[in-house]
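Asker: For this one, chain H is given, so just place chain F on it according to the hints.
Note that the protein sequences, when read in sequence, are chains H and F. So for the first sequence, the numbering used here puts the first residue at 1; every next one is plus one. So for the second sequence, the numbering used here puts the first residue at 1; every next one is plus one.
Mixed in with the good hints, there may be bad ones.
No distinction is drawn between identical chains; accordingly, a pair holds when it is met within one copy or between any pair of copies.
Derived pair list, reagent style EDC-like, types lysine to aspartate or glutamate, alpha-carbon separation capped at 16 Å [as the list claims (entries may be wrong)]: (1) 23 / 204; (2) 430 / 385; (3) 299 / 388; (4) 266 / 25; (5) 21 / 204; (6) 100 / 77; (7) 430 / 631.
Don't read these hints as lab results, they were simulated from the structure. Note that the structure is predicted; figures quoted are calculated from it, not measured.
The residues making up each chain are set out below.
There are 2 protein chains.
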Amino acid sequence: MTEKKYSVIGKRLPRVDGIIKAKGEAQYTADISLPGLLYGKILRSPYPHARIVSIDTSKAEKVSGVKAIITGRDIPDIKYGFMMAAIPGSGDQYFLAKDKVNYIGDEVAAVAAITEDVAWEALGLIEAEYEELPALLSVEEAMREGAPLIHEAFAGNISAKAKLEFGDVEKGFSESDYIREDRFLMPAVQHCSLEPHVSLASCDSSGNITLWISTQAPFMLKGPIALLLNVPAGNVRIIKPHMGGGFGGKMEVFSLDLCCAMLARKTGNPVLISYTREEEFSSTRRRHPLEVTLKIGVKKDGSIISRTSKTVLDGGAYASLGHGAALLANLWMTLPYKQPNIRFESCRVLTNNIPCGAMRGFVSPQIRLASEVQLDAVAEVLCIDPLELRIKNGLKAGDVTVNGLKISSGSVVDCLKTAAQASKWRQKIKRLPPLHGIGVACSSFECGPSFPMLGPFTASSTIFIKANTDGTVMIISGASDIGQGSDTVLSQIVAEELGIEMEDAKITMPDTDLTPPDSFSSGSRVTFHTGNAARRAAADLKQKLLQAVAGKLEARVEDLEARKRRIYVKGSPDKGILFAEAVAICQMAQGGMALMGSGSYSPEMGHVDMATGYGNYSPAYSFVAVIAEVEVDQETGQVKVEKLTVCDDCGRVINPLGITGQIEGSAAMGLGYTFCEELLVSDGKTLNPSFLDYKIPTALEMTEMENIFIESNDPGGPFGAKESGEGLLAPIAPAIFNAIYDATGIRFKELPLTPEKVLRQLQEMRAS
Amino acid sequence: MTEKKYSVIGKRLPRVDGIIKAKGEAQYTADISLPGLLYGKILRSPYPHARIVSIDTSKAEKVSGVKAIITGRDIPDIKYGFMMAAIPGSGDQYFLAKDKVNYIGDEVAAVAAITEDVAWEALGLIEAEYEELPALLSVEEAMREGAPLIHEAFAGNISAKAKLEFGDVEKGFSESDYIREDRFLMPAVQHCSLEPHVSLASCDSSGNITLWISTQAPFMLKGPIALLLNVPAGNVRIIKPHMGGGFGGKMEVFSLDLCCAMLARKTGNPVLISYTREEEFSSTRRRHPLEVTLKIGVKKDGSIISRTSKTVLDGGAYASLGHGAALLANLWMTLPYKQPNIRFESCRVLTNNIPCGAMRGFVSPQIRLASEVQLDAVAEVLCIDPLELRIKNGLKAGDVTVNGLKISSGSVVDCLKTAAQASKWRQKIKRLPPLHGIGVACSSFECGPSFPMLGPFTASSTIFIKANTDGTVMIISGASDIGQGSDTVLSQIVAEELGIEMEDAKITMPDTDLTPPDSFSSGSRVTFHTGNAARRAAADLKQKLLQAVAGKLEARVEDLEARKRRIYVKGSPDKGILFAEAVAICQMAQGGMALMGSGSYSPEMGHVDMATGYGNYSPAYSFVAVIAEVEVDQETGQVKVEKLTVCDDCGRVINPLGITGQIEGSAAMGLGYTFCEELLVSDGKTLNPSFLDYKIPTALEMTEMENIFIESNDPGGPFGAKESGEGLLAPIAPAIFNAIYDATGIRFKELPLTPEKVLRQLQEMRAS
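This is chain H alone, in the form it adopts within the complex (with noise of 0.2 Å):
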């Protein structure tokens, strides 16, 4: 637990913005409210794959109330694509369609209007044109010879892919003394936001263009969109409100914050967008969908010798973020086990299907479901405890994958042996009643990424801290809050180091004009870097104090102690003066200059070879072993999950609360990923596009659940704090399949694990 001397760190405290969001008076997008705002909707197109003919919005335009009208016409001609910079030529997706569509939902005209339902009506009274294109509606039609090409830029329709060799693996079979081959089917889920896309635009005569955007990555959307506008990037300026979700669905731009901004500059008025729930189904991204055959060789003592994983990725209509996708199926096969030879062999197909992107874990869930289902096969056939196995081969701290990734603090098997206990897996592993099981699963994720996400000159993350005489603290941070509670994770860190309270801490929005850059909020990265950024800037400020005041108490600034809104000697709490009276004593020693504290944080770069792959892509990692205990019932095929022990190796907890939240919130989401979610498309269309139909775990279906944190706090953290919350989401997949397997000696390969499913294998199997 942590230690006493923390007064902020650690404690259970609510979100600091918790009370506003709780009665309903934080801001999000669409709660923002601007004179003469208009509403604006976007036609899709009916057709996977289809050429433009024409356009006729003469009829819509008729309609009182309409504003505007824009097509494919009235944009520049530049295709946006999220690799756009990295990778010239990589743009693909026009936000309106010029030439051709290539999904059911891709965008064709965007309408403005002063109701929302005036802008449907328009919307309906819009004539497109089509010729239908053949389409390519599955990864064996897209990769087939002479298929036509969804995007000229994408030979053979492959949008990424990667092979990657560590080790040599053929040498590694060879001395193994099992091998097995498995494949695995993954479906398409949709990340489900409560809170959908919105974008608010607002234009000024002067050039200027505001977007309120519900985003993850308002950063690194300003130059994109500046480009795709055609205006100079300083006229653009994003800001993220409150926001009620992402989970990786919001890291690119979209067709929304361009049609806004290109609405807004037509008719001189605001203009809001926000998306139904059937757009954020059908129009915007999802998980990959992804067929995974892995295989493995292993010592007669359990020891993983090689392994290979062959990864094919349905990407949808556009290339998107499928790069990393291609990049990742293969990063997370080498955690969290030592594993000496390994190849990953991955390809992201084009269809024209609705694109796929980044979603929670990105990409882990899959490839973590096949390895450690696999894994128990291994453990199965090795007559091993599965739990022994992965204790056996788990990465420790010291420890450097044979793809190089540097193993700073904690281990795989701290966590094992800590779940194992608490949930008594030795009396339970294989001596549970029938229909009863206990599976294990673990995984490892990152703490952000090691690369220069807003180009080589800027650091991940920037913090200032304006302190002001009242004794209260300005965090300028760049850094989106998307409900994952990083606001009050940077407060904490803030408050703990300058020796406030939490009340003393207000925080920005991300504002790309007013506050310093953040790259974004994925991949787990803001509390390890930001965090970072934020500690190191108030320990700026709070050196500045000290100095400042070491004089009047008579001390050596590092005899000094800031605590409990003063600044004291340590070990003599009376010898000492208020926080703001330390904040005016400094600002009058540097002449009445007001006080700011700055920090910033980067990895350590330049340590990944893009040849080879090989190097370290994150400052640390973070371990965490699930146990899932379930009852099968043998009439229905339903599974109930009865408990699920998690232990995470998240490093400092900062706030048990907030940590807790996002266990239980991505265990929710494992749970719908393992049983009923699925986007269901047939010929390009999707089915089941509404909460209705498409449906997601409530607090009614969650199951018990402890959570055990362990500490290693990592060296190179905020007070030791690493990733949680996103990692976890992978093994609760595979702990249930492979709980299943001990409650049914049935091995599912597949999600999700409809109860018609369980209930079809239940009976074959008394059937044989």
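Answerer: Chain F only, in chain H's frame:
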């Protein structure tokens, strides 16, 4: 003229907010729309002095759409006063009267409702019962022995007085060749800001209160508002949106600020209060009406030897900024001439009239009229050209006045000589046809006060500048552009110093949470004080950039120059890099941390002795000479001002276009003060509280102007800039008065100079 070495300074540049203001896109406080916005209105006292017997709000509360009503019972028992921090116990105003009302217009209750109409309706249904008290409607009544006290804090109904003497006044008079005494009367006038007082408050359930206020002093308001709302200062955030003028009338906390906040807290909804024009005239602040008696002793050669002034100001019902008025009634007397012996007495009296506060020039227009008209009379008696008399006594750089004002640059003598030449003074004075006349008057004004207005530990101004890798910068400034154009001036200063273009620099609105503190926008301090802070912040940023790129450019830092969006080796413009590139390199050099420059400015302090009044009140002083040419219509008494020649020593002209606008605006205000403006009051009731009845000059009433700048370039000013636009208001009226004397031989000593008054004097003269 400005040297060619400057790229941005000295250019006739449009305002940075010019286009959006011209197009109606700039958001003023009343334009901000928040969800659930309610509209507030304030019930005011119909009596000049009365005890409140009871207030019954029950009927009003029943009006549909009324959300809350507050009265004096609902507000904390804390009296506000502008000087409450400096002079404990000097608070005299409840923002909703608790016990008694002190003028017609005093605030009694406030309503929040869904529309303004509903709020008005509810106000009409509040039943307030009063017991009338004897009303003190004149200075004489208020000063009478045994008069009832309006506020217990102020004995004898004197809210402020001052008596200062420098040199030996009586000895001076005894050595004078000629002595005269004159008495002058000045009426009350109003600021007539086009935007009225507007306040918008929003409270959240976390206890944070955000106020958008049309104010000149957001940072000075924060503390008192927190105190009056009984919350920690850190919970109060004040933002100043675009503003349509202040002119000294928006320096304080007003009832609407507190009522908005309390109604917002009570209802949970944001509340907007926008004063009507009638409220502006009758219930805010006004320029002090006063009576001043001046005595002067001179040598035959025109040397001023001794002077005294006795000023009695009708302060109205509250202290407001009356301490400043009593002091400044003295201070302005020692400028712009050498006056070796001088004594001031001033007394600000409380009455049951509208309270008086600061207004453009703050007592200088009143005192300057008296002084400059008296000087003209002296010149007449001594048979000296009145312009020569002024030249003889004029202050110039290096002089220190008898009360310690240090003239660091310029001279009124240069202004006089230049104006004389431009207007062909010598050919015209006493030589024009009958009823045509020419007159001169001078002034000198401060460049912001040398007092620590935000407390002793806080600089007068701090500026932070964030540099972006796209080559733009964000000026993070707490300075309030209240319409005077200071955002443009600060942007020019920063752009010049950094060698970038105007459009590369954006500037914030003042926001007590986000921006560093800036004292206020009044006393002509922003260009000088904040301008210095801005230049220093830009220089700090530039220094970091030069240091970072010197190596790459193979040059020493001191050999580098920043201009035209580039940093290059002096004399070798090709040997350089883009500014944007330099930002990136500099960020890289500091580990990627976002780049921030900071600078602050505080005038040399501690030099004003509060006991004797001796000291330098401002870091610099501007000079101005105004020559007016008039034609008097003897049939109507109408005076036509044919031309105003203004010669302004304003130091470096940052923006000739902006400064001309300020000069023309000030001249228009001076014309209104001279001829038509007067708040007419009868039994405490304002008789002309509308623009129908209170006439101010429009563009059609403007006269021809010739504006000449003398750029004396103060060593302490940013690029040498000093004050302009406020100081020259004061000499407008006396120059016209003196020209009328030249035209008619009539010496007027009372404002406003309506045609009726002129005609009456012309007729009396003809009759005599």
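Asker: If any of the earlier hints don't hold here, list their numbers in rising order.
Answerer: none
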